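Trainee: Protein chains in written order, with our numbering: chain D, 1 to 316; chain A, 1 to 262.
Since the hints were derived computationally from the structure, they do not count as laboratory data. Owing to the predicted nature of the structure, the values given are computational and were not obtained by experimental measurement. Be aware that one or more of the hints could be misleading.
[As the list claims (entries may be wrong)] Residues from chain D that keep clear of chain A, each with C-beta distances beyond 10 Å, as calculated:
| id | residue |
| --- | --- |
| 1 | A3 |
| 2 | A35 |
| 3 | G78 |
| 4 | S223 |
| 5 | Q277 |
[Said to hold, decoys possible] Just so you have them, the derived chain D footprint on chain A, three or more residues with Cβ under 8 Å:
| id | region |
| --- | --- |
| 6 | 17-27 |
| 7 | 41-52 |
| 8 | 93-106 |
| 9 | 189-196 |
Glycine residues also receive a C-beta, built at the ideal position from the N, C-alpha and C atoms.
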Amino acid sequence: MIAYLLRRTAILLGSLVLAAVVLFVLLRLLPGDPANALLGVGATPEQIEAARRELGTDAPLATQFLRWLADVATLDLGKSLVSSLPVGPEIVARLPVTVPLTLSAFVVAVLVAVPVGVLAATRADRWYGPVLNAIAQLGIAVPAFWVGLLLITVFALRLRVLPAGGFPPDGWGDFGAAAQSLVLPVVTVALVMSASLIRYVRSATLDVLGSDFLRTARALGASPAQALWRHGLRNAAVPVLAVLAMELATTFLGAVVVESVFALPGLGGLLTRGISQHDYPVVQGVMLVSTATVLVVGFLGDLAQRLADPRLRVRP
Amino acid sequence: MTLLTVDGLTVGDSLVADVSFTVTAGDRVGLIGESGSGKSLTSLAILGLLPPGLPASGSVLLDGVDMLHAPERRRTRVRGRVAAVVFQEPLTALDPLMRVGRQIAEPLQRFQRLRGPALRDAVHAALDDVRLTDTSRIARAYPHELSGGQRQRVAIAMALACRPRLLVADEPTTALDVTVQAEILDLLDRLVTERGTALLFITHDLPVAARVIRDTHVMRSGRIVESGPIGSLIAAPAHDYTRTLVDSARRFDAALERTGRD
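One chain only, chain A, in its complex shape:
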């Protein structure tokens, strides 16, 4: 069943130009490109959260709802329920004045109608699911009292608390250091597998993408320039730009190995 159909999406003056792809239930799809390639605008367009005043054309159907043109009320009903997002910077993505437990409780109240002790248990279970220990301390903490990795786990817990059928992860590991990155990727991988959630993974980092997704689209200057299974893209990139991405990832690895040997 098709969850998301993006057809001829164009945002602004070709910030995103004629982008088309689909995500079916349980699928894992990547959107890879350097910053400014339009991948984050695409993710905002999917949720119908483009900044006001930015014209968009084409169509984005999320579970049949046109996220570009449907009335706000209809789009609000789809957000969270069908697709939820994890953003890049967990410090600014969380409300700085609200305890983390209450922030996770919000989607649980909204989508599962939980109240009282049941709600509190669900908050702790959600923190447990993202492998945060000492859940009662974390639930009472404010975002600035947590580490970057802990904050991103909280953001993932919030998104999954909606029980979405599609999780959009927009550069979820970019703001984190390398060891934490690997943990978060494993966590995402495990959680979407367990729940059968589809994943749209947006990143500029080819090796990172290769750890969690199968099929990917490579974006450049607002356009999709190449699509296919990520293994064959890395083995035999057809487009020049994909080749540069692969080469720079290889060079980076080689440099890492060399410094490791010294």
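Bound-form chain D, shown alone:
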């Protein structure tokens, strides 16, 4: 297990560096010069040259990359080209919106999807099994922003029970208001996420229901519910765990869209602003943080799967 942990950590670090390279190269390939964007159309060539020197964009790409990597290693993500504020603290300031949004949506989605998915599988022979499955199928086809708009129309505009968007200026200092403003975004993300999760849980449960070991348990006197509870759910959890990690990562990235629907000051807003202003350091910083999150979540998902399934712990 320790050897595996070391190997898997090495892979994680390797992919982080690789992701950083890809990110850096891709952003430099984009058309548009930040010095131009910064100074506007009226700038003289001398002014632009001076701005480039100051930004460090006149140095060769390799030098720029190494400088950036060294900074990142000391947790310095550079300064915004537009506001001159450091990017790191700016990202940290956005996390109190994005992280609670993603995590609560994830928890709600799991709490909904696991029982519904199991029911859809075990009650496949009753009328509501297929109905649950059909609803989940529909949920996959519906885009997140549309669900968000629908919820705003019903709960904010018609019923007026929840805010349509925004986040209190005090943040979590005003806990009630902050929590209220996250309800609809959380429900939006959770609904979309649980739709696909339900299908995974259902098919994993169906696989387990047809398994020999469940039949053995039944043949030796376990009731259908006992057999499913003792042997079925844990076995069904193994493939679902891998999907869960992927889903959590996608939700984190998908929060970008939902944050803009609800006008939330999260990472998504920062990213879209950075892109429209050619603000390299901001875009790089946000992308790096999201990529790192996805990779770390994948790492944790792999570990969880390995802990759940002893067969994966066999030495190759």
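We have chain D; now place chain A onto it with these hints.
Mentor: Quick look at chain A alone, frame taken from chain D:
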């Protein structure tokens, strides 16, 4: 006393057709036939575990409970208590994520209400009974960490932990190699004798059946085509199909002897 009465059992579109036989307490009965002859479906029907959506008619009375039509709750009470099963493939028949000791503990908890140290002792005794040495290591192992023969011994220990009056063994040695096969057959033979458990032994292999049972039914295409003591079936098969089974077993033996001489 009659433990099991199968009367006119028909499954699906004649996958099993009009099969009738009985097993009385302490009896040893064989069900012999090639794959697809309906013998495994018959064993599932006996336990009321036919795949959903497969229509079955006739009747299967296990200790008086109709295993085809009784409510699920009643059938669950009969399973394990009256009849337990050992399936063909011990790798998939055991829960891959659960230590073997806990899997054996499950029927012991359910039927003998054992807890704590008494339960642990009973698990070790059960492993001991099926001639597994180093019981504490085996109890802590996962199924994939055991050999095929060890896994099948565990499956037998689980079935017998229920203390059933009838043990249904569905091709229990088919997935094992020949030397292990002989050991498992001896083990089954000894255990059912010691405990006075009735045995319904299902196999495609006539010589294997001859080692553990007295009376047998030969199945083909879902029907019982011939019944009787296994010795007289081998000596004088009445039905063409039984004759083919006997002949192919003889030819196989002869071929084995010839290769042995070379």
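Trainee: Does each hint fit the structure? Answer for all of them.
Mentor: Each hint, compared with the structure:
no.	hint	in the structure
1	A3	holds, 18 Å
2	A35	holds, 59 Å
3	G78	holds, 47 Å
4	S223	violated, 5 Å
5	Q277	holds, 52 Å
6	17-27	violated (count 0)
7	41-52	holds (count 3)
8	93-106	holds (count 7)
9	189-196	violated (count 0)
Of the numbered hints listed earlier, those contradicted by the structure are 4, 6, 9.
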